[in-house]
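**Q** All chains, please: the whole structure from these sequences, using the hints.
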Amino acid sequence: MAMQTVWRTVVEGISGSMAYIADGRWNLMVCNAEFEALFPRGQAPSNIMRWMLLDDEARGFTLTNWAEDWAPAACPALGRAVADRPDDAELIKMAAEVRGDSVVGPLYEATAESRVLPLDGVVRPIRHAVAGPGWVTLSAASPLTEFDARLVMLRFHAGSQRPGLPLPLSTRAPLP
Numbered sequence: 001m002a003m004q005t006v007w008r009t010v011v012e013g014i015s016g017s018m019a020y021i022a023d024g025r026w027n028l029m030v031c032n033a034e035f036e037a038l039f040p041r042g043q044a045p046s047n048i049m050r051w052m053l054l055d056d057e058a059r060g061f062t063l064t065n066w067a068e069d070w071a072p073a074a075c076p077a078l079g080r081a082v083a084d085r086p087d088d089a090e091l092i093k094m095a096a097e098v099r100g101d102s103v104v105g106p107l108y109e110a111t112a113e114s115r116v117l118p119l120d121g122v123v124r125p126i127r128h129a130v131a132g133p134g135w136v137t138l139s140a141a142s143p144l145t146e147f148d149a150r151l152v153m154l155r156f157h158a159g160s161q162r163p164g165l166p167l168p169l170s171t172r173a174p175l176p
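Under the numbering used here, the first residue of the sequence shown is numbered 1, with each subsequent residue one higher.
Just so you know, these hints were derived from the structure itself, not from any lab.
Among the hints, erroneous ones may be present.
[Unchecked claim] Ranges between beta-carbon positions, derived for each pair: (1) Leu28 x Ala131: 17 to 23 Å; (2) Ala131 x Asp87: 37 to 43 Å; (3) Arg115 x Pro86: 16 to 22 Å.
Nothing here was measured: the structure is a model prediction, and the numbers come from that model.
All C-beta atoms in this analysis are idealised placements derived from N, C-alpha and C, irrespective of residue type, glycine included.
**A** Shown next, in the form of structure tokens:
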């Protein structure tokens, strides 16, 4: 899928939050420099889901409290994607790798019947390669011109204290 120039420009221009667009298989299409800085090697993975579930760096360093906060949300999302696309060889292969992994496989099986939760407003612990320990508040949207893609933004909050949830848009003061 070719990334529309407008979305590449938007994502690369976002500052103050990490941002990326991934396709329906979680293949990274574009990301901003702040997202790249999250990773110890300074380079984002080519597949976000594979990285979250199978990469030792993700499980043991970056995604703090991985087994309790990250994997139980990611596993059902992968399972749902496979169920929705039973002929998608790439998703089937990734799910097989996850099931066969001694660390995440049992979690994948245990969460097989779990509901997929939306990302908007989720706050999870993380260890940023540059900024250190903290939290990210996630939000997601679907670019209208990119079939089966999602824009994900992660707002980083440094420190050990979990940030509060932002106010819903409907309760904020109107713009001047």
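**Q** Each hint: holds or not?
**A** Results for each hint:
no.: 1; hint: Leu28 x Ala131: 17 to 23 Å; verdict: holds, 21 Å
no.: 2; hint: Ala131 x Asp87: 37 to 43 Å; verdict: holds, 41 Å
no.: 3; hint: Arg115 x Pro86: 16 to 22 Å; verdict: holds, 19 Å
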